[in-house]
Every structure is written in C-alpha cells, then in structure tokens.
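J.: Chains E and F are the protein sequences, given in the same order. Residues in the first sequence are numbered consecutively from 1, following the working numbering. Residues in the second sequence are numbered consecutively from 1, following the working numbering.
Some hints could be false.
[What the hints assert, rightly or not] Simulated DEER-style distance windows between Cβ atoms:
{"#": "1", "chain 1": "E", "residue 1": "Gly361", "chain 2": "F", "residue 2": "Glu51", "range": "36 to 42 Å"}
{"#": "2", "chain 1": "E", "residue 1": "Asp350", "chain 2": "F", "residue 2": "Asn61", "range": "55 to 61 Å"}
{"#": "3", "chain 1": "F", "residue 1": "Glu5", "chain 2": "E", "residue 2": "Asp167", "range": "16 to 22 Å"}
{"#": "4", "chain 1": "E", "residue 1": "Lys360", "chain 2": "F", "residue 2": "Leu37", "range": "50 to 56 Å"}
[Said to hold, decoys possible] Capping the alpha-carbon separation at 35 Å, the derived lysine-lysine pairs in DSBU-like fashion look like this:
{"#": "5", "chain 1": "F", "residue 1": "Lys78", "chain 2": "E", "residue 2": "Lys360"}
{"#": "6", "chain 1": "E", "residue 1": "Lys420", "chain 2": "F", "residue 2": "Lys80"}
{"#": "7", "chain 1": "F", "residue 1": "Lys32", "chain 2": "F", "residue 2": "Lys123"}
The hints are simulated quantities; they were obtained by calculation from the structure and are not laboratory data. Don't be surprised by glycine CBs; every beta carbon is placed ideally from N, CA and C.
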Amino acid sequence: MNSARSRHGLHLLTPQEVQADFPILSRTINGRRLAYLDSGASTQRPQSVIDAVDHYETQLHANVHRGVHTLSQLATDAYEGARDRVRRFINAASTREIVFVRGTTEAINLVANSWGRGGLGSGGPAPGHLGPDDEIIVSALEHHANLVPWQMAAAATGAKLRVIPIDDHGQIRFEAFQALLNDRTRLVAITHVSNALGTIVPVQRVIAAAHHVGVPVLVDGAQAVAHTQVDVQALDCDFYCFSGHKLYAPTGIGVLYGREKLLEAMPPWQGGGDMIRTVSYERSTWNDLPHKFEAGTPNISGAIGLAAAMDYLEGLGIGHVAAHEHQLLAEATAALMRIPGIHIHGTAPDKAGILSFTLKGVHPHDLGTVLDHEGVAIRAGHHCAMPLMDLLGLPATARASFGCYNSMLDVEQLEAAVRKAVEVFR
Amino acid sequence: MELNELYREVILDHNRHPRNFGRLDPHDAEAKGHNPLCGDQLTLTLRRDGERIADLRFEGNGCAISMASASMMTEAVKGKPRAEVAALFQRIHALLTQAGASSADLGKLAALSGVREFPVRVKCASLCWHTLNAALAQSDSPAAPVSTE
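Bound conformation, chain F alone:
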C-alpha cells in the first residue's frame, strides 16, 4: 500500500481546485452531509429537470478524499438521469468496499479505488454520494402527490 495509490494526481488536483464549488441559487433541493469521524462537512444544492440532474454544486470543508470525491461526483452526474446516477453510486460503492471491483468506464472516478485500502477513509469518499441521495429524495417530496389514503 503506497501513499500515491490513495493520493493520486487527479485527487490532489480536485482537492486543490474543486469543480462546481459553491451554491446553486435558486435550487430545488439542498442537503447537508456530515462525517462526524473526520469532521467533513458539505452542503449540496441541485436543480432538477424532470428525472435529470440539471445542475449541482457543493461547498464545505473536509479532507482531500472527501473534497475530491465530491468534486468528481458533481462532474460525473451533472446532466445525468437519476437511474444512471443510482447505478453509478452502486459502482462507486463497490469500488470503495469490494476487492476486485471493476473501475472500467468510470473515468476519473476510478482514482478512488485506492481508498479501499484505507477503510477509515471510505466514509470520506462516500459522504458526497449519500448527500446527493438525500438531496434527490428531498427534491421528490415537495412535488410528490399527497396521498389521501
């Protein structure tokens, strides 16, 4: 296990220069994520266009893994339909937790594969994805039809 397996160049780059950093206003949903172990905190704002994530941004502070993961995630999911985003989350989750999980076609996100060797850091990398799920769920509820049953 070498340090440059964890801190790959692409991760260091996204940590130094996070993409889609800031707040999106107006937005359809805002969710906060917090990793109490590390103190990583991020706030994610997003706008939807039907089933698609039209745009999203994040802000907050945390370790290089959490910041880079959030930055790369925003690039990867922007403009994507939800079903595709959900499938991508599953792939990332597998990449972070299962030995031998494929990183084919994951693009930059494949750089997160080194995190698996550092189990305490898995939550840092997955925080943004959980926060994205929370934001998507939240954006569902106002639009959801009110059940009368």
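Next comes chain E alone, as it looks inside the complex:
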C-alpha cells in the first residue's frame, strides 16, 4: 500500500521487490523455482491483501447493514469503504454505480437477466430491453462468460446474437461491426482484452460508434482492469464488469459498474435480504442503489481484499505495471519465436500481457504437463472460448500470461521449458 508506493515511487518496477510481496511465489513446484505465468486465469495475492482480509476476519467481522453493535458498524464501514475504493479505482461518478458480485460472470448474468429480460420493479412489472428479433452484438473474441448469458437471454426473449468477426491478427473488424449496428441492435457486449489472444479491443471507438446510434455498451473487463488504467467515465461505457481474483484480490468477489440511470430503471435480479426496503407477506419494495442488486449477505472479506489489492496496484502504478508486462510480452514472444515449430496465435500490435502459442507436433496439454514439470505454470486449453478456438481451427493453445510480479527469469524459464518439450517429443 503506502509502503509499495514509497518503495516503487515513480520508478519502473523492480521485479525482485514485487515478487517478495507475494508469499506464494517463493514456493517451489516439482522441486523447481515457480514461474507463475497464469495470471490470465487468476493472479496471486500480495501480503497486503492477505493481511487486510486477515485483519477483517480477526478484528472486524459481523454482518453488514444490520446491527447496531460496534462490529456490525465496523464491518459496514469497511465494506462500504471498499465500495468507494472501487469507485475511485475505475473513476465512477458514484458508489451507487458499484455493485459487488461474485465475479465477471455474475455481473454479466445480472445485466442479461435484469436489463435484458426484465423482472419485478417496485411499481410492478419492469419489462426487459430484449424482445423478438432484437439484436445483441458480441465479438468473436468473447469467452463463455460474455456469450452464454446472452444466448440464454436470447433464447428466453427471441432476441438474436450478432458476432463481430476478427481478422488474421485477432483484431475485431471495425467496419464489420459498424455494418452490424442497426435499429434492431439493443446492446453491444464486448471484451476489453481477449483472454485467449491478448488483443486489446478499441472499446472507446466501439462505444462511440454504438452511442452514435443510441445503443448501450457492456464491456467485459476481466482481462483488462489489472493491466491498464480503466476510467469508466472517460470510456463512457454503460456497464463494466470485472473479477477481483484477476486483480490480485481473492476469488468470489467482482464488480458490476453500471451507469446510474440504467441501474435505477432495472429491476432486481435476485431477491432476499438487504435488497428490500419494506416487505409484507404479499409484496416488497426495493432498496436504493446499489443495494437493490445485492441480495443476501455479501462477500464482505472479498470486498475488503479487493480494496487492498487496488491500493497495492495503484501503489505500483498501473502505468508501470502495463509497461513492465508489455516488455515481458515482447521478450517472451521473441524468445519463443527462436524455437522451431512455435506458432504464436494473436499478433495484433496492441496486445496485453497474454501470449498464446502452439508447438508443432505437441498437443498443448502435453506442453502444459512438461512445463509444469519444469516449474512453469501456464494455461493449456480452450480458455473458455470454444467458439474462438473453432474459428482458429485449434482444439487448444498454450497460454502464458503476465502479472506485475513476473520477470525475465520467468521468460527464460519458459523458453527453457518449451525447449525441453521439444526434446521430449522429438
């Protein structure tokens, strides 16, 4: 937090110091140094996050928004303080726009259900925004979390999905996107960064084009928020979704940012405690934002951990983290391309720290097993983006993804491990 800020100040990251903040990185895997290159799947936690959660559990815990006793007030203050921390992190105008959810998946499901399908408002039925022959635009890059909820909403309402195609480098074809926008389009739901290829999508242009014809935009920021500065007001997006565990925070916590005007008009998705104002046996009225969307006891410790992770990341400086990861990506790309038989998937000039690759004659899962044996943790598989893999004609790829704690040592270990796989399968 403050110590991170003063240690790292305005200088670029010092990998050894950053690594030392993450206890898990000092353990070994199969007797070898751990090269953790799977931050795209989940990042590790720094000690400050572990400490913040520990402090809450040992000093502050009680249920929130309920008790008159001291602990309940302390827990409520910490939880709502975390909400304000999130607001500042993504520069939202109000904490009323910050809804805590389990993760990106739940955030998107909330919008697909409440905004898309409608429900019960305080004054009676609140119809959804999707109906027969309405269209939702997604891109070919989407992972399952930003695809399946829309398929379900479409099946329930008669709406249709339209898919923005990508070019050979893994970039969305912008003209094709513009051609898809029409008077049946109700929403654009698009990823900020492709989890499988690393492509950074020009969401600002997408949003401007969609808004030009009055269409709101949901941005899936799962792979972006820990790697680039996100300012929801500058982006002018309508919804922005992300997970804590890809941002150095615990699992089970995530955020739905929604423009206040939109959230205000949306019915609750789940019913229960905390989301109501008054309840009788016949009917209920709904609580104010954002509590209307937080039924039941929330993940209090997760929210507190997320706030600590944001402190940590801002202490390092997101700009520094982005520059550092970009450099590692360039070095790793060059290192792998020196190995005969390597093919890099996703060659957009604008990429986040994600490197998808295959090795000729070696299945990605075998590659993953050999790399693991060498202490290198990567993802091998379809990256929860099966349609994209089909489009690329691949059953799977191996994916190395970078975080603030990675260094050239990890890149070198990756290269050596891939060479080992070449040798095993020669």
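Based on the hints, put chain F in the right spot on chain E.
T.: Just chain F now, with coordinates in the frame of chain E:
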C-alpha cells in the same frame, strides 16, 4: 515423478504413429468421445462378428496420452470377445487410478501406469475406453429384440 514415467517411449511412438487410425466403412457402430477439459476428441468405428470385435478404427485429435491410449487399445481389443474386452477395461481403469495395481500381462498397455501420477490426465487415457463401450452398446441396440412388455 519423472516425465519419462508419463511419456514412455511406447506412448510417444503410438502418438507419433497411431495404429488403426481412420474410419472403418462399413461399420456396425460409430461413437464419439469428447474430453471437454482437454478438448480431446475421437470417433471410433467398429465392426462386430457376434460377440467379437472383428475390427475397429479411431480418428480424432488430442494429447499424446489420449492418442496413444486409443491406438494401443485398438491393437489390444481387435478380434477379442466382449467379455475379455470388459475385463481388460477394468484392469486398465485400476491401473490408471489405483496405486499398486498390477500391470502384469498387459503388454504395451502397461505403459499407461505412469498416468496415475498425473490425475488430471486420467480422463485422457480412459476416453477411448468409454468411447468403445458406447460403440459396443450402440451396436447392441439395433440387433436387440424389441420388447413387447
């Protein structure tokens, strides 16, 4: 646990040069197997001669373990009566999941014993056997007498 325990020479060989690879036409049954975790996919076609598997082939793509296991399986079960195939599957299943399971008399299939040390890969090795079971079950149904009860 060493890599060469998993990727034994015989497994690497069957992965590089899978036996009985392709489609059998005509066939009595065709079954598809899919391991969603790894994306391993295989299609198995077989011809029966009464209770015996007269011939079989497989095609698809997947990791070395799934490809080699399927290749070795086709060699092991071709021409065998079903009861023997079922018994063999049980032995393989034990070999893949139980410490100390005997690999005596299993021939090449004994090479799969190293998979046990890599639990996430067990499904890769057993996929072909489940697919074979599905194909055998399927080949039963058209011939099965229609019950009137």
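J.: Decide, hint by hint, whether the structure agrees.
T.: Status of the hints after comparison with the structure:
As the Cβ distance of E/Gly361 to F/Glu51 is approximately 39 Å, the hint placing it in 36 to 42 Å holds. Against the hinted window of 55 to 61 Å, the Cβ-Cβ separation of E/Asp350 and F/Asn61 comes to about 32 Å, which falls outside the hint. Between F/Glu5 and E/Asp167 the beta carbons are some 44 Å apart, a value that contradicts the proposed interval 16 to 22 Å. Taking 50 to 56 Å as the suggested C-beta distance range, the pair E/Lys360 and F/Leu37 does not conform, at roughly 23 Å.
Taking the CA atoms of F/Lys78 and E/Lys360, the gap is about 31 Å. The hint holds against a cut of 35 Å. Between E/Lys420 and F/Lys80 the CA atoms are separated by roughly 39 Å; this puts the pair beyond 35 Å, and the hint is violated. Between F/Lys32 and F/Lys123 the alpha-carbon distance is near 15 Å, which keeps this suggested pair within the 35 Å criterion.
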